[in-house]
Amino acid sequence: MVRDIIELSDLTKKYGSFAAVDNLNLTIRKGEIFGLLGPNGAGKSTTILMMLGLTDPTSGSVKVCGIDSTSNPIEVKKKVGYLPEDIGFYDDCTGLENLMFTARLNRIPYKEAMQKAGHLLDQVGLSDEVKKKTGKYSRGMRQRLGLADVLIKDPEVIILDEPTLGIDPKGVQEFLELVIQMRNEKELTILVCSHHLHQMQQVCDRVGIFVKGKLIAEGDINSLSQKLFSARPFMIEAGISHDSNVVSDSGGKVFKEEQLNDALKNINGVLSVNLENNVFQIGCSHNVAPEIAKAIVVSGAGLNFLYKKEYGLNEIYNRYFEGGE
Amino acid sequence: MKYITAISKEVNNMDNLVKQVLQRMDKWELKIRQFFGRLNISDRNRNNDGIIHPFRVIVNKEISDHVKSFRFIVLIAIIALTCLGSVYTAIHNIGSSIKPNDPEGSFLFLRLFTVSDNTMPPFFVFISFLGPLLGIGLGFDAINSEQTRGTLSRILSQPIHRDYLINAKFIAALTVISILFFALGFLVMGAGLIATGIPPTAEEFMRIVFFILLSIIYVSFWLNLSILFSVRFHQPATSALSCIAIWLFFTVFYTMIVDLITKPLTPSEFATAQQVFNYETIKINLLRILPSELFSEATTTLLMPSVRTLGPLTMEQVYGAIPSPLPLGQSVLLVWPQVTGLIAATILCFVLSYVSFMRREIRSR
Chain A
1 MVRDIIELSD LTKKYGSFAA VDNLNLTIRK GEIFGLLGPN GAGKSTTILM MLGLTDPTSG
61 SVKVCGIDST SNPIEVKKKV GYLPEDIGFY DDCTGLENLM FTARLNRIPY KEAMQKAGHL
121 LDQVGLSDEV KKKTGKYSRG MRQRLGLADV LIKDPEVIIL DEPTLGIDPK GVQEFLELVI
181 QMRNEKELTI LVCSHHLHQM QQVCDRVGIF VKGKLIAEGD INSLSQKLFS ARPFMIEAGI
241 SHDSNVVSDS GGKVFKEEQL NDALKNINGV LSVNLENNVF QIGCSHNVAP EIAKAIVVSG
301 AGLNFLYKKE YGLNEIYNRY FEGGE
Chain B
1 MKYITAISKE VNNMDNLVKQ VLQRMDKWEL KIRQFFGRLN ISDRNRNNDG IIHPFRVIVN
61 KEISDHVKSF RFIVLIAIIA LTCLGSVYTA IHNIGSSIKP NDPEGSFLFL RLFTVSDNTM
121 PPFFVFISFL GPLLGIGLGF DAINSEQTRG TLSRILSQPI HRDYLINAKF IAALTVISIL
181 FFALGFLVMG AGLIATGIPP TAEEFMRIVF FILLSIIYVS FWLNLSILFS VRFHQPATSA
241 LSCIAIWLFF TVFYTMIVDL ITKPLTPSEF ATAQQVFNYE TIKINLLRIL PSELFSEATT
301 TLLMPSVRTL GPLTMEQVYG AIPSPLPLGQ SVLLVWPQVT GLIAATILCF VLSYVSFMRR
361 EIRSR
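Residue numbers (the working numbering), protein chains in the order written: chain A, 1 to 325; chain B, 1 to 365.
Each hint should be verified, as a subset may be incorrect.
With a straight-line cut-off of 25 Å between C-alpha atoms, the simulated BS3-like cross-links for lysine-lysine are [as the list claims (entries may be wrong)]:
#1 K19(B) to K131(A)
#2 K63(A) to K116(A)
#3 K170(A) to K214(A)
#4 K19(B) to K78(A)
#5 K111(A) to K186(A)
#6 K30(A) to K309(A)
#7 K19(B) to K116(A)
#8 K19(B) to K133(A)
#9 K63(A) to K78(A)
#10 K79(A) to K186(A)
#11 K78(A) to K132(A)
#12 K68(B) to K132(A)
#13 K63(A) to K186(A)
#14 K309(A) to K294(A)
#15 K19(B) to K132(A)
#16 K136(A) to K19(B)
#17 K131(A) to K68(B)
#18 K116(A) to K131(A)
#19 K27(B) to K136(A)
#20 K111(A) to K31(B)
#21 K30(A) to K14(A)
#22 K133(A) to K61(B)
#23 K9(B) to K19(B)
Residues from chain B shown here face chain A by an in silico Cβ test under 7 Å; the list is partial [claimed, not checked]:
#24 S157
#25 T272
#26 A273
#27 E280
#28 M358
#29 S364
Treat the hints as calculated values from the structure; they're not laboratory data. Yeah, the Cβ is synthetic: ideal placement off N, Cα and C, and Gly gets one too.
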């Protein structure tokens, strides 16, 4: 059964005359991992705070699991686990004590909480560090403890705010795998906020791109790139070199490049050719990479690389965020 | 042989006595247990599954944080040492402090808290001086340290009301202060009991209890002021410094300023009684803005039963009065305005910090 678990409608938050979140409409379905992407200061964190009732919206409504977050934040907070950006723990307590504190704030009976905490610490791979004070934890360990802390109340939804910030690539990989594993085991709905595109590309079912308080695009990554770049031609980049084994006479260089330029333009399907720093940017209507390679080789230039540009999240991002920050 | 049987009889008697006492203690223990058991059952904060109400969880945690913290140990050490010193001097001078026909002669025990030989201030002056430090020490980083540690948003994203946190901070610090002061006060009383051999009368005991309660209110004023600053300022250092600045201003500079203001108003030596009276009233009312002034007025009245008034008196009013100590009820009546003022200031600080905490947006770090 697919059900909308987070519904934001006409959500607006203004600080003075500045609109941090501007008429946001968004629905997140049960069981999906949704990535909210945007540059710093786009209003992602503000949106999350409004979902948890930690700040009041100027207008519009937030509903999480069908409960209004503004008027009934306690009920919402029972169902939502929130991992804040750069989560903090009581440094002079151990990881277990920190977890137990959260558990008991959620009215989980002592024995049950102990069991759960032990199990979760095991799952996030911290069972060896139970007795260690959190002040001595590394950034990655703190983040994993944060995930355990979020999961101890058996939430229906978890919200992760910049979860991969400041963790090394291996740690990020492990953390994201952990998130996906948790989702699969517990049928959670996950909302991730980030500006790290590639990491989100790995885990998110759907993404929303959020700039200056507005959601400018929404959907899974394939459909997003199709929507944005369908009108654009293929882009093929070819790096060439002209050295060594090519016999050169005086002025031959310029002549050769022009010759190659013409040769490339004559290939059927090529729309535009552009040379910059020994790299040809070739726009074409369909994939003509083999012909291009052939033309370059025939012209006598060395072919360094031939690369078909994919429109990943990065391009989508750049397209939208130009001047975003 | 006769002696031996007598001794063994005595021993048997003693044995029986001890047994009886033990039995009685057992009974009492049972009764106490039953009493607390009943309390627990009627306590809506706790139910059968061992679930503690989240508010209690936070309070417990805060108390244990306070008690374990190095800062608190240092504060306790300072206070305990100074109290020890002042009690020591008081016990030494208590004999010479009583003059014949002294109306306070019957309140020997209270002298433990007020007597000194000018090398060391008496107990109650120490409390009025170090109490603020204790209050500030317990509260100046209440909220902003949670913010800088990043735990604030984590706690508030749990299903609890937002005011639980600030209320729990206040209640925890108040509990710690109360226990500390009652312990200190009773220890001083115990020391006095051992040193002088004279037990306190019921009235003296009540006066001391009132004094301790008053000290707790006074310290909780400073506690709330520092909590207010901890909500307003993001850096614990800033809030600690501003609290200490206010404390210094109140203890050192304010009286100087009052002197400066009232100097031009000083009546000439030919002034009428009314003018002098007005001048004194203005001066004392200006001073009464100080919480420490309110506290010291209230404590002197409570600890020195012969204090009959806290403002200027005309000869007419004094005329015919018998120089005898006031009964407890009258002393309490006399300090009622001071106590009310202190409580009002405390509540004002708490309300301000409560409102600004409830309205603020909880950001991570």
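Query raised in the report: In ascending order, which of the hints set out earlier in this document are inconsistent with the structure?
Result: Hints 1, 2, 3, 4, 6, 7, 8, 11, 15, 16, 19, 20, 21, 25, 26, 27, 28 not satisfied by this model.
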